[in-house]
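> One letter stands for each residue in the lines below.
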Amino acid sequence: MRLLRLVVVAALAVWAWRYLFGGRRSAERATVAFADGSGVALEPGSAEFDRLASVARAVLS
Amino acid sequence: MDAASALAELQQLSSRIESAVVLDEAGAVLGFSGDDSSAAERLADAAREVLAAAGGLRSADAEVTRVEVELAEGGLFVVREGGRTIAATTGSDAIAGIVVYDLRTSLQGIDAAKPKRRRAKPKSSGDEQESET
Chain A
0 MRLLRLVVVA ALAVWAWRYL FGGRRSAERA TVAFADGSGV ALEPGSAEFD
50 RLASVARAVL S
Chain B
0 MDAASALAEL QQLSSRIESA VVLDEAGAVL GFSGDDSSAA ERLADAAREV
50 LAAAGGLRSA DAEVTRVEVE LAEGGLFVVR EGGRTIAATT GSDAIAGIVV
100 YDLRTSLQGI DAAKPKRRRA KPKSSGDEQE SET
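Chains as they are written, first to last, in numbering that gives the first Met the number 0: chain A, 0 to 60; chain B, 0 to 132.
Take the hints with a grain of salt, since some may be wrong.
[What the hints assert, rightly or not] Quick list of the computed label-pair ranges, beta carbon to beta carbon:
#1 B:G82 <-> A:V6: 54 to 62 Å
#2 A:V8 <-> B:I94: 49 to 57 Å
#3 B:G26 <-> A:V6: 52 to 60 Å
#4 B:L12 <-> A:F20: 34 to 42 Å
#5 B:E80 <-> A:L5: 25 to 33 Å
#6 B:S14 <-> A:F20: 27 to 35 Å
#7 A:D49 <-> B:E8: 31 to 39 Å
#8 A:A34 <-> B:A25: 16 to 24 Å
#9 B:S58 <-> A:Y18: 40 to 48 Å
#10 A:G44 <-> B:E40: 25 to 33 Å
#11 A:G36 <-> B:D34: 33 to 41 Å
#12 B:S36 <-> A:E42: 30 to 38 Å
#13 A:W14 <-> B:S14: 31 to 39 Å
[To be verified] Computed far set for chain B versus chain A, every beta-carbon distance over 10 Å:
#14 D1
#15 E8
#16 A27
#17 S36
#18 A53
#19 T64
#20 A71
#21 G73
#22 R83
#23 T88
#24 S91
#25 I97
#26 D110
Rather than coming from a laboratory, the hints here were simulated on the basis of the structure.
C-beta: ideal position from N, C-alpha, C; glycine also.
Here chain B stands alone, though its shape is the one from the complex (with noise of 0.2 Å):
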């Protein structure tokens, strides 16, 4: 399952959660909810800057591996594992031990990087065929 998929799948089983967003090793987004990219991006940012601001709590060595930020406006949870990190906004009636779950399946859901494998064959049998896997 790709991230967009896996977040669809994450907003139909959890109707607390608002918006989500998906992040590889580096940063980048792999996926979000919903349509507005500029929102998701401002999701990514505030995932990251959060990130950065609750590893400054420990010595570098220590990873950062959930951060749960609960207002009387909603809730920002940020969760980490394998690499990846999904971060989803919530409504302030959201339940913080099934919302994290319920990204945590998620992003486990997911499936690992595509492999690239193109370079094993020669180009001059002139019989590229595109197949999914």
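Chain A extracted, bound-state conformation (with noise of 0.2 Å):
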């Protein structure tokens, strides 16, 4: 029982995680092709995804 108790307050506890973080961190993306059929997905919070966010946001306010 006690077992089962820890399990739901983890499950819980994940849940509220992802509902409060995971979905602003998931809205914001950037991602850079190249000619060589190579690609980068920018880490939000990185140096250059900040860079191409405060561009963006500069034409999409």
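Take each chain as given, in its own frame, and dock them per the hints.
Shown next as structure tokens:
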């Protein structure tokens, strides 16, 4: 019974974390594709992402 | 089809696209959607800046063909193909794959620059005709 309660609490904690922080993070993304077929997905919060995001925000606002 | 016509068609096809601009190989504006030329110039500047920043992620010989930036406020998409660049802003609910497909299709629909071919004719004939091809 104690184990079951622990599992439920852990599941609720994961859900709450994703609900509060996961949605905002997934809404923002930046990708770059190159002529050689390669691509880069920039991590939100990285300097490269922030640079592209600031340029985009200037024209979106 | 010229750039302005292609962009007008693009906006008819894709309701998610709010504004768009086409640049030539040198980065000069070939055409833009809407009537606000200053907004178009700002979007063109953003496209050049985004391409420059993205180009810095790899070595100099790796050409950037596509940049997608999706934020809560909306999206900025830049596609480069055949020496031309198209940049567009969208709302926040745009589907990136569809936007990129529409931009690429629009870019491919723009005719190549008309070649200068008036030099072969001598001026002495005096019967210059303006012919549309």
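> Would you mind marking each hint as holding or not holding in the structure?
Results for each hint:
1. B:G82 <-> A:V6: 54 to 62 Å: Since the Cβ atoms of B:G82 and A:V6 sit about 59 Å apart, the hinted range of 54 to 62 Å holds.
2. A:V8 <-> B:I94: 49 to 57 Å: Violated, since A:V8 and B:I94 (Cβ atoms, about 37 Å apart) do not stay within the stated range.
3. B:G26 <-> A:V6: 52 to 60 Å: holds, 58 Å
4. B:L12 <-> A:F20: 34 to 42 Å: holds, 36 Å
5. B:E80 <-> A:L5: 25 to 33 Å: The hinted range 25 to 33 Å is violated for B:E80 and A:L5, with Cβ atoms some 55 Å apart.
6. B:S14 <-> A:F20: 27 to 35 Å: holds, 31 Å
7. A:D49 <-> B:E8: 31 to 39 Å: holds, 35 Å
8. A:A34 <-> B:A25: 16 to 24 Å: holds, 18 Å
9. B:S58 <-> A:Y18: 40 to 48 Å: holds, 41 Å
10. A:G44 <-> B:E40: 25 to 33 Å: holds, 30 Å
11. A:G36 <-> B:D34: 33 to 41 Å: Given about 38 Å between the Cβ atoms, the range holds.
12. B:S36 <-> A:E42: 30 to 38 Å: holds, 36 Å
13. A:W14 <-> B:S14: 31 to 39 Å: holds, 35 Å
14. D1: holds, 23 Å
15. E8: holds, 22 Å
16. A27: holds, 18 Å
17. S36: holds, 14 Å
18. A53: violated, 4 Å
19. T64: violated, 5 Å
20. A71: About 5 Å separates B:A71 from the closest Cβ of chain A, which leaves it inside 10 Å; violated.
21. G73: Its Cβ does come within 10 Å of chain A, the nearest being 5 Å, so this is violated.
22. R83: The claim stands: B:R83 keeps its Cβ more than 10 Å from every Cβ of chain A (closest is about 14 Å).
23. T88: It is violated; B:T88 is separated from chain A by about 6 Å at its closest Cβ, not greater than 10 Å.
24. S91: violated, 8 Å
25. I97: holds, 15 Å
26. D110: At about 23 Å from chain A, B:D110 clears the 10 Å cut-off, so the statement holds.
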